Amino acid sequence: MTSSLQLSFQSMNNILEIKSLRKSYHTKDSEILAVEDFSYSLSDGEFIAIVGPSGCGKSTILSILCGLEKKSGGEITIKDNYKIGYMLQQDSLFPFRTILDNCLLGLEINHELTKEKKKKVIDLLSTYGLKDFINSYPDELSGGMRQRVALIRTLATNPDILLLDEPFSALDYQSRLAVSDDVYRIIKQEKKSAIIVTHDLAEAISLASKVIVLSERPSKIKKVFDIKLSNRSTPIENRKAKEFSEYYDAIWKEIDFHV
Amino acid sequence: MFSEEHYLFIKKQRRNQFYVRFTQIFILILFFILWQCLANFHMINTFIFSSPRQMFSTIIELHKTGDLYQHIWVTVYETLISFGLGTFLGLLIATILWWFPFISKVADPYLTILNSLPKVALGPIIIIWCGAGIRSIIFMALLISLIITIINIYQSFINTDKNKIKLMKSLKANKWQVYIKLIFPNSIKDFISTLKINISMSLIGVIMGEFLVSKEGIGYLIMYGSQVFNLNLVIAGIFILCLVAAIMYYCILYIEKKLIK
Ligand SMILES: Nc1ncnc2c1ncn2[C@@H]1O[C@H](COP(=O)(O)OP(=O)(O)OP(=O)(O)O)[C@@H](O)[C@H]1O
Ligand SMILES: [Mg+2]
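These protein sequence lines map, in sequence, to chains U and H.
Here the first sequence is numbered in the numbering used here, starting from 1069 and rising by one per residue.
Here the second sequence is numbered in the numbering used here, starting from -5 and rising by one per residue.
It is worth saying that the hints were derived from the structure and are not from the lab.
For clarity, every value in this text was computed on a predicted model and none was experimentally measured.
Please note that the accuracy of each hint is not assured.
Going by beta-carbon spacing under 10 angstroms, a handful of chain H positions derived as facing chain U [claimed, not checked]:
#1 LEU116
#2 ASP155
#3 LYS160
#4 LEU161
#5 LYS163
#6 ALA167
#7 ASN168
#8 LEU176
#9 PRO179
#10 ILE182
#11 ILE186
The beta carbon of each residue, even a glycine, is placed where N, CA and C say it ideally should be.
Here chain H stands alone, though its shape is the one from the complex (with noise of 0.2 angstroms):
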């Protein structure tokens, strides 16, 4: 179908995809390699610093007693809940703002403040107010989320091209008809790419929450490792909170690779 040229195109292409891969995964090995190299001739304290060995097998013994997928289960749902709640009522209340342009032109200054407040500040007042639980981790999650994807999503509805609007007038369109079919569709993308930060920041806000409070959950084994001093507990939470991270960004991106085509 194509020509010579465009297949060495294609090969030398792959090919530098390969080498790149191939160098991430690369350095990675080098560095627990390094790190358990450290380890072994005594250059590092493992009891500070562990060791890639020790945080395997803490890893494994945890798997062992099954308390590892508890913990993980935890943070994945907690942090789904407030993805969740976090992207309907940021849609909702995006919506409202742009529907009424009152209430969002009284609305601006505090979502300004709120959005530069450090949220973490609020956390012993949510724990007052929601207790010393799940509910308290969520609404601190939902917190440092909501607020965010509020800005973004009502950014991305009132940057729709002002023709583009004028055209659903001049065919007599309603505002619900001009929301539906111009507003919220156009902003799909910003949508999208909201989801991503959304995610993020619900699992930052989870972790957060936990560190504050709770009995389970990845945020709660780190915490509970560095209160005992075993350091080996902490590094592989942070391990397995990595992976966790990494695998939650990547199903967004699958599901924005299905919703753009």
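Here chain U stands alone, though its shape is the one from the complex (with noise of 0.2 angstroms):
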């Protein structure tokens, strides 16, 4: 605990602070500005929504934060002792481990592998219906199924905010429905903090807290709503709330959508 960081917070409540992010690419022959200007504060047990044109910079934001990339300028700062887990896109499962050995990779990869932390997982995917497949394949699981061990196997470190790049993109429509309400339940029973990506905009509304809109890349944050609706559940429940369609519309046309 020392306190000079703890002072550089502006709330005591944010865990993580982006301010003025700024991230160009270098290839041989351009350089691309992804992302100009990004500043959040994300505060405990928040769950928020990113959402932009394609190719805008969202998964750019998210690979700086956990690391994958350097940042170009501005300031990330995180509170003490609090870890951060991504979960891509691709459930990227190892096709020759066990689900249980898909779920232990980042504990054995930080050597920190104990009885107990195993047997956590182990209590992980029996919670989340997973049971009979501890020991099986990825091959023999359905697509939504995979989605969870790959949540599972970011949860097992134990890490404090989830990063989640359009972790449902690879599911059919009932999947999606199915497996976002899991995880959100997963997410909110463990307490985490969450930044979410999203194509979809009725996944981000049903979903987050809040949902950030950005522009086109180079990309800035363009409006953030915070949504509120009127009896908030599980995210199927939420896409029936009232309030649901009018911000649907409001955020639909913030986006520079071109099809």
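Reconstruct the complex from the two isolated chains, following the hints.
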């Protein structure tokens, strides 16, 4: 607990602060400014969504937050001892590892694999309907199940902030609804904060308490929507809220969709 | 457990398989019978074409003197050594190339040229460098199998799904962990199919080497037979070589089955 670091946070409740984040990519014959200016303060337990036109830099922001890419400018501060977990669009399960071994990957890599932690992962798998598949291989699972495994793999290292990059885009509509319900429940029950990137506005509104709309590349924050639904419950139920379609229309208007 | 239809299906499949095997063996026997008949009726000159009977009696003679096993052993031994060395060095060098992209970029044109070079052209130099003995033979076989092993394994390494590598990095894996937990196990299948190519390549190399130098081995048997114009010996050598090649190949297949379920 270094007090100076703590003080740099605007609010004690904030666990992640991003200030004027900037990122450009360099290729052989050009320089692409992907993110021009992105700032946000995430508070503990918050679930936010980022939407924006294709190629505007959403994945880039998440990659930088999790350390896969270097930022070109700006500041990122994470509260002491808070860890970030990244769930990518593709489940990327290793076909030669069992479901359990896939989930233990992060713990193995960080040399944190203890009996208790392994047991916790097994509990997570059992709780979220994968008990019978613990020793199966990924190709025996449906797309929705694989996505749940991918989430549990991310949760295994016990991160505090989850970054989800279009986690459901590979699924068909039915499983998408079901899995997004599951994932929401898991994240809330495990008391995590989350940032989700999605193309699907309805998904964003139903999951998140704030929806950030990004402009086209180079991306800046265009608008932040505070989602206030009259009776917030599970994502599927949220879709039935009467304010839902108003938000949908409002956000739709903000995004420059070029189809 | 299963329906009647399923049993019928299995039965039909089995019968089908049996017919295939039967026809395969039938063709082989027919070939030998035809060959023997042609020889018996003096339609072919057995001095040049030999005959199954002469071939088998040559093999039996070799068996009686015990030479047969010595020759087979020498060839198998040389093949296994160059196979082992080729696989080990191939894996090692492919790993180095994957680990250091700079080296792989530098090595690329050299590997391409070496790969397309007919290695037998290097035969004379190899004999001068390594002497007229087993070392030349193994070196020859190694040259033939190594380059293709390196290329195949390296290709398999760099074709690993980029998203899986990204995942490993997001879990904070270091390079060694990426290699040992992802790249290598992910390439096991390709690695084993490389083994299959490699064992054939090694055998080709060894026989080529034995043609050039050597006083023992199946290649020597064939070469010697042709030099003294004993075509029975040549044909017997080729027949034995076919058997050895088949047995080694099926050993690898067996190992593959054990490793990949
Ligand atoms: N490694 C890279 N090198 C060069 N340019 C890149 C690289 N990664 C992304 N870009 C460029 O940066 C921009 C933003 O990419 P990013 O993947 O962050 O967009 P996105 O908002 O996630 O898009 P999508 O909605 O299609 O997933 C794109 O125009 C892309 O071409
Ligand atoms: Mg993206």
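So, going through the hints one by one against the coordinates:
| no. | hint | in the structure |
| --- | --- | --- |
| 1 | LEU116 | violated (39 angstroms) |
| 2 | ASP155 | holds (7 angstroms) |
| 3 | LYS160 | holds (6 angstroms) |
| 4 | LEU161 | holds (4 angstroms) |
| 5 | LYS163 | holds (6 angstroms) |
| 6 | ALA167 | holds (5 angstroms) |
| 7 | ASN168 | holds (8 angstroms) |
| 8 | LEU176 | holds (7 angstroms) |
| 9 | PRO179 | holds (5 angstroms) |
| 10 | ILE182 | holds (7 angstroms) |
| 11 | ILE186 | violated (13 angstroms) |
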